[in-house]
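Enquirer: Start from the sequences, fold in the hints, and give me the full structure.
There are 2 protein chains.
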Amino acid sequence: MAKQKRGKQSFIPEIQPVITAWASVAGKKEGEGPLGKTFDVVCQDSYFGQKTWEQGEKRLQQLALETLVKKAGLKETQLDLVYSGDLLNQCIGSSFSLRNTGIPHLGLYGACSTMAESLLLAAMTVGGGYGDRVVAMTSSHFASSERQYRFPLGYGGQRTPTAQWTVTGSGAALVCAEGKGPVIESCTVGTVQDLGIMDANNMGAAMAPAAFNTIRAHFRDLGSAPEDYDLIVTGDLGQMGKEMLLELARLEGLSLGGRLTDCGTLVFDNTVQDVHAGGSGCGCSAITLCGDLLNKLESGKLKRILFCGTGALLSPTSTQQGLPIPGVCHAVSILSGRN
Amino acid sequence: MAKQKRGKQSFIPEIQPVITAWASVAGKKEGEGPLGKTFDVVCQDSYFGQKTWEQGEKRLQQLALETLVKKAGLKETQLDLVYSGDLLNQCIGSSFSLRNTGIPHLGLYGACSTMAESLLLAAMTVGGGYGDRVVAMTSSHFASSERQYRFPLGYGGQRTPTAQWTVTGSGAALVCAEGKGPVIESCTVGTVQDLGIMDANNMGAAMAPAAFNTIRAHFRDLGSAPEDYDLIVTGDLGQMGKEMLLELARLEGLSLGGRLTDCGTLVFDNTVQDVHAGGSGCGCSAITLCGDLLNKLESGKLKRILFCGTGALLSPTSTQQGLPIPGVCHAVSILSGRN
Numbered sequence: 010m011a012k013q014k015r016g017k018q019s020f021i022p023e024i025q026p027v028i029t030a031w032a033s034v035a036g037k038k039e040g041e042g043p044l045g046k047t048f049d050v051v052c053q054d055s056y057f058g059q060k061t062w063e064q065g066e067k068r069l070q071q072l073a074l075e076t077l078v079k080k081a082g083l084k085e086t087q088l089d090l091v092y093s094g095d096l097l098n099q100c101i102g103s104s105f106s107l108r109n110t111g112i113p114h115l116g117l118y119g120a121c122s123t124m125a126e127s128l129l130l131a132a133m134t135v136g137g138g139y140g141d142r143v144v145a146m147t148s149s150h151f152a153s154s155e156r157q158y159r160f161p162l163g164y165g166g167q168r169t170p171t172a173q174w175t176v177t178g179s180g181a182a183l184v185c186a187e188g189k190g191p192v193i194e195s196c197t198v199g200t201v202q203d204l205g206i207m208d209a210n211n212m213g214a215a216m217a218p219a220a221f222n223t224i225r226a227h228f229r230d231l232g233s234a235p236e237d238y239d240l241i242v243t244g245d246l247g248q249m250g251k252e253m254l255l256e257l258a259r260l261e262g263l264s265l266g267g268r269l270t271d272c273g274t275l276v277f278d279n280t281v282q283d284v285h286a287g288g289s290g291c292g293c294s295a296i297t298l299c300g301d302l303l304n305k306l307e308s309g310k311l312k313r314i315l316f317c318g319t320g321a322l323l324s325p326t327s328t329q330q331g332l333p334i335p336g337v338c339h340a341v342s343i344l345s346g347r348n
Numbered sequence: 010m011a012k013q014k015r016g017k018q019s020f021i022p023e024i025q026p027v028i029t030a031w032a033s034v035a036g037k038k039e040g041e042g043p044l045g046k047t048f049d050v051v052c053q054d055s056y057f058g059q060k061t062w063e064q065g066e067k068r069l070q071q072l073a074l075e076t077l078v079k080k081a082g083l084k085e086t087q088l089d090l091v092y093s094g095d096l097l098n099q100c101i102g103s104s105f106s107l108r109n110t111g112i113p114h115l116g117l118y119g120a121c122s123t124m125a126e127s128l129l130l131a132a133m134t135v136g137g138g139y140g141d142r143v144v145a146m147t148s149s150h151f152a153s154s155e156r157q158y159r160f161p162l163g164y165g166g167q168r169t170p171t172a173q174w175t176v177t178g179s180g181a182a183l184v185c186a187e188g189k190g191p192v193i194e195s196c197t198v199g200t201v202q203d204l205g206i207m208d209a210n211n212m213g214a215a216m217a218p219a220a221f222n223t224i225r226a227h228f229r230d231l232g233s234a235p236e237d238y239d240l241i242v243t244g245d246l247g248q249m250g251k252e253m254l255l256e257l258a259r260l261e262g263l264s265l266g267g268r269l270t271d272c273g274t275l276v277f278d279n280t281v282q283d284v285h286a287g288g289s290g291c292g293c294s295a296i297t298l299c300g301d302l303l304n305k306l307e308s309g310k311l312k313r314i315l316f317c318g319t320g321a322l323l324s325p326t327s328t329q330q331g332l333p334i335p336g337v338c339h340a341v342s343i344l345s346g347r348n
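The listed protein sequences derive, respectively, from chains A and B.
Heads up: the first sequence runs through residues 10 to 348, numbered per our numbering.
Heads up: the second sequence runs through residues 10 to 348, numbered per our numbering.
Read the hints as simulated data drawn from the structure, not as lab findings.
Just so you know, not all the hints are guaranteed correct.
Copies of the same chain look alike in the list, so a pair counts if it works inside one copy or between any two.
Said to hold, decoys possible - In silico SDA-like links for lysine to any residue, alpha-carbon gap of 20 Å or less: (1) 14 x 25; (2) 17 x 111; (3) 60 x 157; (4) 17 x 86; (5) 189 x 11; (6) 12 x 24; (7) 14 x 87; (8) 12 x 25; (9) 84 x 10; (10) 12 x 23; (11) 14 x 24; (12) 17 x 110.
Expert: Structural data, given as structure tokens:
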């Protein structure tokens, strides 16, 4: 078997990739939420100084990357590679943000699992000796998502209780072969799960089976168990999806209770922010990881987490054609830099 | 510097990845073209037995993967990972084709560069010891692309002379740590180039600068030159873009003449098939590589090629908002299995 592979879906990088810096940029509503103080930049302008929301999302990623290299004390030209993707059709948030920067770029599509997917690939790249400084980045924007996936905002459509609120935000993490910071210990690649969920306003339900499958595969491949982790963090199932994941795990005798949390339930305070089932979007798990979670891993408040990015792989076209919603989840185990 | 990295944008895998099998599935028009006999499957039905073109594209990828594992004498459960992506919004061709197969999957978005991007990542995965059997796959479909990017087909819109014809096809390559077949020698990751091309009907012009940048970076990083290759194959600049690339190279004193060809000019016979500037779409370079090119590398007719996947990173939204078209190109150097 390949030397860095473990079990069916997982790998342990030979050179331990270190997350030496991280940056998060968030919108106004996210800045008012429980994690507001953990973001590097909070913008009051939903256009981020641009003419359109889509270009605003591009600017979000530019700001995240600029903040990241500044925090790391680097120049953009010192980066070996950027893995990034977003929810916009043809991922224009990512590709437009990197225009003429001269930074090598590989584009991803993993829906809301993109923060975990990009982190996993950055770990693979650094761990295999293909690069010394690799960035994992993603974004989402409430307004660009609403008009692309749902209704024009001016239409004022009612939201269902299971609907989630797309986070306006971008997160970026710098994965290096050397340096200080939280360490990527192992990764698990997900499979596409489709249990026939048809409701595009209940994406937590569509993603929960994928989350369960990947978490189970991770424990199986690495010989670990929930109690080995301080936190198992999905991103983003929301309140409904999180409950479904707990139930799926309970039915298979896997107790996640007490350790499971979800970025969609952390990023907003639903008692005052009225986001229904919680936050969502690539940016949701990105700003939660590249703020609160990595800060706590750096300080030693968290010793070890399993970061599980979950994505609903639907499109408006697939929904209009009456098709169910496949889900995917990729998991990254991260250790505190301090022992 | 990272041990497998070469120069700014390139790498040489430590374990030489071998392309042990490849498969191509094409539509009727492609089957009637100059490469018709090199495809494993040619379907006369543009729906591929499905109810919609988008689902037909999903079926295209399923057929390519089924044909690939059959040719390789494997079962799908023996695959370690599939890298795939397509042009459909949210890449539903790729994710729906892998539903409930149990195969680990990482989704990509690189527009028409996806065959090269997926092959490069498969080489990185196998070359770093993360997997033994990794698939690189992509697809495109003329009818699903036309209605998503341009006009409903029934509208009968006129095509400009610079327009390309999206190939209906899917190609898949199996990259292994052991076995016989063409070998992936080195890879070069592209940067996002934007020279301000605004015409969404002239994507060859938008991609040519990216192709030139990546080809130049490849020669610089690896210390090689055009004469070291039997063929430098872009995919897919079309006739106009190919001429622009030759001109860009000439201005910088790099002679590609005689060695440069383009998948968009190989896949159709423009004298009888009326495709204007040539073929395009992720499937164009995919079926040209996973048919004619790999067949010739296997037999020794070609000794060494530089396969350069080129992508135009636009979306209908970015075009409607008056933005230019960024391009990207990734290059993979492939050696004949026979010496």
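Enquirer: State for each hint whether it applies.
Expert: Hint-by-hint comparison with the structure:
1. 14 x 25: both (14 Å within a copy, 17 Å between copies)
2. 17 x 111: So residue 17 and residue 111 pass the 20 Å test across copies only (10 Å; inside, 36 Å).
3. 60 x 157: This pair counts as within: shortest intra-copy Cα distance 17 Å, inter-copy 24 Å.
4. 17 x 86: Intra 37 Å, inter 10 Å, cutoff 20 Å: inter-copy only.
5. 189 x 11: Answer is between: at 18 Å across copies they meet the 20 Å cutoff, but 28 Å inside does not.
6. 12 x 24: both (12 Å within a copy, 11 Å between copies)
7. 14 x 87: Only across copies: residue 14 and residue 87 sit 14 Å apart there, 29 Å inside one copy, limit 20 Å.
8. 12 x 25: both (14 Å within a copy, 14 Å between copies)
9. 84 x 10: The answer is between: 17 Å across copies meets 20 Å, while 39 Å in one copy does not.
10. 12 x 23: both (9 Å within a copy, 12 Å between copies)
11. 14 x 24: both (13 Å within a copy, 14 Å between copies)
12. 17 x 110: Cα proximity of residue 17 and residue 110: across copies only (13 Å, versus 38 Å in one copy).
Of the numbered hints listed earlier, not one is contradicted by the structure.
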